[in-house]
Amino acid sequence: MDERLVSLAQRGDVDAFSDMAHGIAVQLYPVAFRILRDHDRADDATQQAIVRIWRDLPSLRDVARFDAWAYRILVNACRDEIKRADRGREIPGFGTEPMAPDDALQYYLDLGLPEIADILGVPLGTVKSRSHAARQAMRAALEADARTLEGVQPV
Amino acid sequence: MSTRRETLTDDGLGHVLGHWLAEGPPAPPESTAESAMRTVVTIPQRRWRGRILRTTGSFGLPAQVGLVVAGIGAAVVVAISVSFNSGPPGVVPSPSAGPTATEGAVGGTRTFEDAGFSVEIQPDWSVNEVEPGSIEIADSLSGARMFITVGAPDGTLETCRVRFFPCLDLGVSSLADFERSILAAFHLRSQPATVAGEEALEFSHQGMVFPTVRHWLVLQGGRPYLIQYQEQRNRPADTVPPMAAALLNSWNWLEPESSTPSADGSRGLALFREPEAGFEVLVPRGWDEIQAAGSALPGVVAFGHYYDEMSLLTISVGMADGTFDLCEFQCASPNASTLDEIEETLPLPDTIMVSVGNGAEFEEVPLSVVVQETTLGGAPGRIVYQEHPKGGLFAHLYAFAIVDERPVVFSFMPTPSWGMAGYPVKEYIDAGQRQAILDSFRVLD
Chain A
190 MDERLVSLAQ RGDVDAFSDM AHGIAVQLYP VAFRILRDHD RADDATQQAI
240 VRIWRDLPSL RDVARFDAWA YRILVNACRD EIKRADRGRE IPGFGTEPMA
290 PDDALQYYLD LGLPEIADIL GVPLGTVKSR SHAARQAMRA ALEADARTLE
340 GVQPV
Chain B
4 MSTRRETLTD DGLGHVLGHW LAEGPPAPPE STAESAMRTV VTIPQRRWRG
54 RILRTTGSFG LPAQVGLVVA GIGAAVVVAI SVSFNSGPPG VVPSPSAGPT
104 ATEGAVGGTR TFEDAGFSVE IQPDWSVNEV EPGSIEIADS LSGARMFITV
154 GAPDGTLETC RVRFFPCLDL GVSSLADFER SILAAFHLRS QPATVAGEEA
204 LEFSHQGMVF PTVRHWLVLQ GGRPYLIQYQ EQRNRPADTV PPMAAALLNS
254 WNWLEPESST PSADGSRGLA LFREPEAGFE VLVPRGWDEI QAAGSALPGV
304 VAFGHYYDEM SLLTISVGMA DGTFDLCEFQ CASPNASTLD EIEETLPLPD
354 TIMVSVGNGA EFEEVPLSVV VQETTLGGAP GRIVYQEHPK GGLFAHLYAF
404 AIVDERPVVF SFMPTPSWGM AGYPVKEYID AGQRQAILDS FRVLD
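Residue numbers (the working numbering), protein chains in the order written: chain A, 190 to 344; chain B, 4 to 448.
By construction, these hints were calculated from the structure, which means they are not laboratory data.
Treat the numbers as computed from the prediction; the structure is a model and nothing was measured.
Any given hint might turn out to be false.
Claimed, not checked - If you want the ones that stay clear, here's a sample from chain B, every Cβ over 10 Å from chain A, calculated: (1) 38; (2) 40; (3) 43; (4) 44; (5) 323; (6) 366.
To be verified - To give a feel for the contact side, a few chain B residues facing chain A, derived at Cβ under 7 Å: (7) 36; (8) 48; (9) 119.
Quick reminder that beta carbons are idealized off the backbone N, C-alpha and C, glycines included.
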């Protein structure tokens with residue numbers, strides 16, 4: 190993100206932030222979609238994140254860290270979406286289950302575990318253990334699917 | 004036929020996940036940013052007050068408390084969300100955990116020594132003095148509740164315990180400043196009221212689906228009292244009358260004082276010290292350094308409320324060679340080494356267009372200039388302003404002096420709407436506070 194625009198927006202320049210908004214949306218929306226697996230909810234989370242970024246931008250001390258900071262806000266917005274949906278949601282189908290933010294950040298953005306820990310605001314060890322557990326669960330699920338498919342005979 | 008099942012390696016798993024994650028749209032809908040911006044333009048940014056140093060404490064609250072100055076507009080938002088999630092009527096979430104000094108149903112007169120008032124407590128009311136200066140009174144019959152937060156005599160009101168509010172760190176220098184700053188900024192209308200003979204502001208938020216939340220702000224002897232009343236929905240008609248009226252009618256001050264500003268003009272002020280600016284000064288608590296015309300110039304600092312970025316006070320500190328920057332109407336960099344020379348640089352219009360008749364017509368009226376002697380930063384100075392033909396100030400009030408051989412100009416803006424239709428403006432800091440601000444100015448070494 191253009192640090193000059195970030196600095197201007199940080200001082201309350203709405204026009205500068207408006208110039209940034211589309212870029213932020215382009216940057217955040219795909220991650221939101223990967224976490225939420227739902228277009229509308231990803232759209233909502235992205236909008237929420239943009240509003241929160243504007244609101245809290247003065248608290249960002251280092252504009253060079255804008256991207257990581259913005260992802261953290263997005264992840265929190267996604268968590269809020271998941272909580273909201275959990276209150277009355279239907280059971281999702283395969284591939285529509287919300288994904289752990291750690292995994293979306295790791296596999297979609299190709300971020301390293303230390304960067305993910307920074308974005309999520311949790312210790313590196315937590316990210317490592319979550320990542321390991323997620324991989325194990327994913328592996329088990331994929332292998333179970335593979336076993337199921339092996340047993341299906343063509344008609 | 005035999006089948007060999009392979010276990011996924013980490014790389015293989017990563018490949019599968021990457022492929023799965025690659026599904027989905029690469030770009031957001033066109034409307035995402037636009038929709039967000041429609042909200043963005045309606046909300047203020049949160050600003051932290053790291054550079055405004057507190058000069059006084061209140062009720063012994065920890066001086067290092069992390070503070071968020073948040074307006075009542077935000078409180079309304081919080082109120083809305085809390086109301087949505089507060090369950091059935093009558094069930095109100097409690098304030099954050101804290102020591103309970105006094106609790107239980109008590110009838111009769113109840114005196115709150117530290118808070119400086121007494122009220123009549125009815126038999127069905129319960130009192131919970133969460134901490135000194137933070138009192139909750141509930142009516143078990145109607146479900147209505149009142150929450151009274153008492154500030155310090157210096158005008159500060161600092162609490163994280165007001166129901167529905169985020170943490171507050173207010174400097175209430177006058178009812179007019181509170182009205183102009185907090186209420187006007189968030190489009191909350193207020194009306195004059197009185198509480199036990201003291202002037203007050205009453206304001207409220209009322210919605211169709213939310214309980215009515217009404218507030219009174221009173222300044223008694225410089226000490227702010229924020230009284231909050233929440234009336235529950237579905238209150239049965241045969242229950243007791245609204246407790247607000249009963250409680251406020253029985254309110255008594257322990258030491259009746261006039262709301263006339265005290266002799267100590269520093270009430271409600273907080274220290275601003277910014278090494279880059281090269282000076283320190285007291286400014287009304289709740290104001291912060293803002294970006295305004297000319298504030299990017301070296302030696303020029305503008306102050307105001309963070310959420311509207313309107314300059315209420317601009318301080319220009321010049322160089323030892325007499326040059327200074329002044330951005331009133333347009334920016335200029337004059338040179339002055341005497342008070343007369345500074346006065347010559349001030350933009351003082353000769354006339355003003357004043358509305359006449361039904362307000363649709365205007366006539367040009369001459370403006371006279373008022374000059375007073377003062378002190379600024381310990382140096383002899385001068386105050387210059389113009390009076391509005393209809394009373395009050397017209398536009399800026401300038402105070403200036405030569406301090407440590409540098410020209411220093413304070414430009415007080417009574418209200419941001421001074422230019423509209425030529426109506427007189429309202430001052431929101433009194434003369435005592437203004438002089439305290441001028442006296443506190445000091446050039447940093």
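Okay, the hints, checked on the actual structure:
1. 38: Violated: least Cβ distance 5 Å, not greater than 10 Å.
2. 40: About 5 Å separates residue 40(B) from the closest Cβ of chain A, which leaves it inside 10 Å; violated.
3. 43: Residue 43(B) is in fact no farther than 10 Å from some Cβ atom of chain A, at 5 Å.
4. 44: 6 Å, violated
5. 323: Residue 323(B) clear of chain A: closest Cβ-Cβ about 29 Å, beyond 10 Å.
6. 366: 37 Å, holds
7. 36: Holds: closest Cβ of chain A sits about 4 Å from residue 36(B), inside 7 Å.
8. 48: Cβ of residue 48(B) sits 5 Å from chain A, so the hint holds.
9. 119: Check failed: Cβ of residue 119(B) comes no nearer than 36 Å to chain A, outside 7 Å.
Comparing the model with each numbered hint stated earlier shows that hints 1, 2, 3, 4 and 9 do not hold.
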